[in-house]
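For this one, chain R is given, so just place chain F on it according to the hints.
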Amino acid sequence: MTDATTAGTAAVKTGRPSLDLHVIGPIVALLALILIGALMNPNFLSYGNVTNVLARSAFIGIIAVGMTFVITAGGLDLSVGSMAAFIAGLMIIVMNALVPTLGTGWPTILAGMAAALAIGFAAGLFNGLLITQARIEAFIVTLGSMGIFRSLVTWLADGGTLSLNFSVREVYRPVYYDGIFGIAWPIIVFLAIAALGEIVMRHTAFGRHCAAIGSNEQVARYSAVHVDRARLAGYVLLGVLVGVATIMYVPRLGSASSSTGVLWELEAIAAVIIGGTVLKGGFGRVWGTVIGVLILNLIENILNLTDLVSPYLNGAIQGVIIILAVVLQRQKKATR
Amino acid sequence: MQPAPQTTARTATSAAHAPILALAGVSRSFGPVQVLFDVDFDLYPGEVHALIGENGAGKSTMMKILSGYLEPTTGEVMLDGAPVSFTSSEDAEDRGVVLIHQEFNLADQLSVEQNIFLGRELKRGLFLDHKAMRATTNELLARLETKTPAWATVSKISVPEKQMVEIAKALSREARVLIMDEPTAVLTRNEAEILFRQIERLKAQGTAILYTSHKLDEVARIADRVTVLRDGRHVLTAPASELSEDAMAEAMVGRELSNLFPDKADANAAETVLVLKDFSVPGIVENANFELRRGEILGFAGLVGSGRTELMEGLIGIRPATGEIRVNGKARQIRSVDDARKAGIAYLTEDRKERGLLLNQGMRPNLTLLALQKFSRILIDRDAEEKALDRSIREFDIRAPSREIKVANLSGGNQQKLLLAKTMLAEPEIVIIDEPTRGIDIGTKQQIYQFVRRLADEGRSVIIISSEMAEVIGLATRVAVMRTGRIAGTLKGGDINEDAIVRLAMGLEKKAEGND
Chain R
1 MTDATTAGTA AVKTGRPSLD LHVIGPIVAL LALILIGALM NPNFLSYGNV TNVLARSAFI
61 GIIAVGMTFV ITAGGLDLSV GSMAAFIAGL MIIVMNALVP TLGTGWPTIL AGMAAALAIG
121 FAAGLFNGLL ITQARIEAFI VTLGSMGIFR SLVTWLADGG TLSLNFSVRE VYRPVYYDGI
181 FGIAWPIIVF LAIAALGEIV MRHTAFGRHC AAIGSNEQVA RYSAVHVDRA RLAGYVLLGV
241 LVGVATIMYV PRLGSASSST GVLWELEAIA AVIIGGTVLK GGFGRVWGTV IGVLILNLIE
301 NILNLTDLVS PYLNGAIQGV IIILAVVLQR QKKATR
Chain F
1001 MQPAPQTTAR TATSAAHAPI LALAGVSRSF GPVQVLFDVD FDLYPGEVHA LIGENGAGKS
1061 TMMKILSGYL EPTTGEVMLD GAPVSFTSSE DAEDRGVVLI HQEFNLADQL SVEQNIFLGR
1121 ELKRGLFLDH KAMRATTNEL LARLETKTPA WATVSKISVP EKQMVEIAKA LSREARVLIM
1181 DEPTAVLTRN EAEILFRQIE RLKAQGTAIL YTSHKLDEVA RIADRVTVLR DGRHVLTAPA
1241 SELSEDAMAE AMVGRELSNL FPDKADANAA ETVLVLKDFS VPGIVENANF ELRRGEILGF
1301 AGLVGSGRTE LMEGLIGIRP ATGEIRVNGK ARQIRSVDDA RKAGIAYLTE DRKERGLLLN
1361 QGMRPNLTLL ALQKFSRILI DRDAEEKALD RSIREFDIRA PSREIKVANL SGGNQQKLLL
1421 AKTMLAEPEI VIIDEPTRGI DIGTKQQIYQ FVRRLADEGR SVIIISSEMA EVIGLATRVA
1481 VMRTGRIAGT LKGGDINEDA IVRLAMGLEK KAEGND
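Chains R and F are the protein sequences, given in the same order.
For what it's worth, my numbering labels the leading residue of the first sequence as 1, then goes sequentially.
For what it's worth, my numbering labels the leading residue of the second sequence as 1001, then goes sequentially.
It is possible that some hints are incorrect.
Straight-line distance between alpha carbons at most 20 Å, and here's what the computed EDC-like set of lysine to aspartate or glutamate pairs gives [stated by the list, open to error]: (1) R:K280 to F:E1354; (2) F:K1342 to F:E1324; (3) F:K1162 to F:E1200; (4) F:K1342 to R:D228; (5) F:K1353 to R:E217; (6) F:K1387 to F:E1404; (7) F:K1215 to F:E1468; (8) F:K1445 to F:D1231; (9) F:K1264 to F:D1457.
In short, the hints are calculated from the structure, not lab data.
Bound conformation, chain F alone:
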């Protein structure tokens, strides 16, 4: 599909014919890793522009560059047709460009009014001008047609109300450009409808709105134009009316897989080791059913926030959950990570810095923490620990400048290898690996894929949760796709491809053979 001429795509509400905010040939690198490549983009007053792409396509980086949180490595940001270089997000806000984060930036214990004027309080002499602030707040809230009172404490109002407060805050700074990072991800359908009405209203007032969403049906409904990013590159910009949801998904995907991945094994004949029946994590995951065979690598795909991590945390007893767990045919009650370990299940967290490793300690105590009972009767056997560390360093190729080094000073890849070694020391039969290669360079990635494959060859069963589609497709023999807390479908063998996964993850069709 060819990029459509910009002018035809614009709505007629605005008289301006120049873009209010634009990117010209913008690239951005983080260290040696380039995440944006020569991106052109423009945003007109009074339009709703959707930015879509897979996780890691560069959407957040682009939004942060537009709103002054990051600077482009090369290329320029243009405001009102002239090059501009925002010194900070505050600078961008002063010039009318406001980014609303997915996690709100509100002080919970303050009132709506105090939040709106936070850091820019109106004063009369030495004292706060409460009257003027109250009046302005009421006017802003009235403009947004919300019934939230100005005196309400933010911790007590609902999520969409908080979003309205963020928008009111943006408007109080005379925002001409509103950039919203997945605003509907945290909203229910009804709440999203309210937001859409407000977006229509702002658009009619001439505000330019850039927003990201993974929900393509929404994009088709409310966006005037759509820009697609893939792997940090601009793929296309077109009027939403000219793009079907399928065409959007197609543009987002469509990437060849390299031979990063080891060959797949066939585990169809092996016996079932794990069965989950009607498994729910209250409020997040509903009635998940799946089974896992010996020596199998089962992928879990889906959007961030679709409940994959929570499902697994429910399984290992970190979160309260209901439903039936059968390990090797035997029903199991798992209420803590220790119960899970005893049942032969280990979970490798996606957040290795906050949940996986003790950063201020050395490798040895980290390595043995999960399986410490193996090393201690009454006292801990230091020699056995040292030997285990030797073995793990060899087996998982952990490269550390010294044995006593604090884990915080290891590279991300070596931390991940250590975490893998720690998990395997508990000798689990079932290994759940959440985002196995997040923030890891390509060489280490390949090593980790080999380790995962080796685990399966040893007769262990592996579950891989990954937001990197290529990873799931390259490793898994079967892929379960989750969408809004449910397993939307399971794909097998030749049916596993990006298109099918995206369709299930986005809820575009209800195909697949259902849950097995």
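Chain R with its partners taken away, still in its complex shape:
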């Protein structure tokens, strides 16, 4: 009996919210990385380097914001990297095809952007319908569509590279390389989407419903939540955001091939988990995901700037961090 009562009070104590490791952990890690970077290389905090890191974070970051919703609702999407490549490929084909009629200016690019969003929407709908209507595991559906999208882009490029018309590329380039007030467009778009995502997650019925579904689908169903509709919306939202990320990515290189977006799903999922969203669902935070993305990219950047560890080991270090993040989540659960 005494055991039970002490366990009871302990549970109450830890149930009280405080500034625990779970909340400040990612922030501390990010600050530590910035400090290490600044100490190791004087160029680290230069305008050029900071812009470079943030702009490169934007693609994964935009996708990871969508992934936060899917994971919070208890789902997963492994197909986002292939989906980005597929969308990039189709977008380039659409724009090249429109050059004779619309010319090499903004009309063609806007049509290409619309196509990217539409394809992202359709791809997300494809995943979401299979998961919610055919009731196939998200892991299996998106593993399958990962293969499908990757193979389609390889086929479209005929094993090589799809290149955007050179004149169009010149017009489109500034979307990645320019900005306003010295802030590059990808950074602006990423931060805007992250801010919107945070508001949607914390202050709308949709965000609340995602967390409810992820923590207990039955409870959500009995509480008048349209479970299938909300989950489908999550996958569609993610698809559209992959479209947005692709829109920002294509002007960077102006091409797409079978190696575009490889392992983006890994980085996006890793960023979400590092940020403190629970892998099994039920709790998600978009600001955490933003920090997660920055942590992953800073590690890569620091490895590139210093010669302490070979940059080739970047993937290994990211892998260790992902596993550590999940272990920390698990330990928190065990002590609760």
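Same frame as chain R, now just chain F:
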């Protein structure tokens, strides 16, 4: 009725004159709640002994003590005349005492043979001895006269076949005592007949069989002796031949109601708010008809598994259902909980931990989840939510150490109050409460009864599903009794008593004025 002398009740098949398994003065408490009081019981080889009692009478606890799943708080379990203390259910099984659960303990994807030897596989050196296991399995199955092949995958065989596999598994452990928890609850009449033949066969081989059932006609037919429990106390043990079904029901019931309950209101004059016509939930509920008046508390009684919960889940759109639903005279299509909410119907689940509340979240998101549309236009109004939480804490007397506490850390009673508050936030006109006080202490129970009564006074209509007979009788102005998926009858006013409900629930008579 006096307990009959044990020896006269035994069948002549066994030569043994000592009980194989017995309880001497066994009591059992869970925390502060005592569920068994000084129970004596004995079971002889070669007899079929039925254990009957209402839900919550202590049958499962007693069976679990007999089979090593639980230990008695005081008193002793005797095996072959000597005190024994099983360290675990495995220990009990090793000594020949096997409990077959109502939900089978079989690995669905494995074959019959693999299941029978699961965890005790026969080996030859490092490898499995398939030949020996196949031979033993075939022999066991032949003994039970089942045609189920040893290689069949368990997920593909029928329910009675699964039961046979469980029995074969028990026999492979050389079970001398077989304890079966409502074995016929999941069987059709024909399937039950097959089971009875097997029980006769096992009995002839000297196996002692203890079994529980709510079907008194069955008990009268196959049991040699009957033991009745009520409120955790042993009421009587007698030869089945000396007990009529009525006498059994009488022994199970017969308890006075305390004044736990508020006074009843009279809702006869009020208008009808809900009508269900020929309402069916395929495979479970057939042609239910009932109506509900404003300010009325309608009770739904019946055995666990009689389809009460499923009927209500059909009504609120969680389960596919057919039939007509009229709310305030208007026909309604309800295909989801959201449709039900819009029609002014809310359902409070019996399973508050798995279906009612998000345990890993705080009180505020839980409270507003059902009625979230009231708090959000585009964004959720946090202040309004906090105010609603304040109001609910006051109105439903929710006691929490802090506002931010995770719901998992609230007591059962406070969870139930929160669930009630959550449901009422949707302002339903019709409230369906499934098992309103399951696992809740007596003080909170009384509070919840007052809340229910207040709902009715406010002009809402309440349906109470409860397996606690006293609750239905104490609260409801009318009681519908369900039996095997049908509404067996409806009782009113002075006709509402335990005896009448048990009779309808057990199918002992077809009285009552039928469905209204």
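Now the hints, each set against the structure:
no.	hint	verdict
1	R:K280 to F:E1354	holds (16 Å)
2	F:K1342 to F:E1324	holds (17 Å)
3	F:K1162 to F:E1200	holds (18 Å)
4	F:K1342 to R:D228	holds (19 Å)
5	F:K1353 to R:E217	holds (12 Å)
6	F:K1387 to F:E1404	holds (14 Å)
7	F:K1215 to F:E1468	holds (18 Å)
8	F:K1445 to F:D1231	holds (17 Å)
9	F:K1264 to F:D1457	holds (10 Å)
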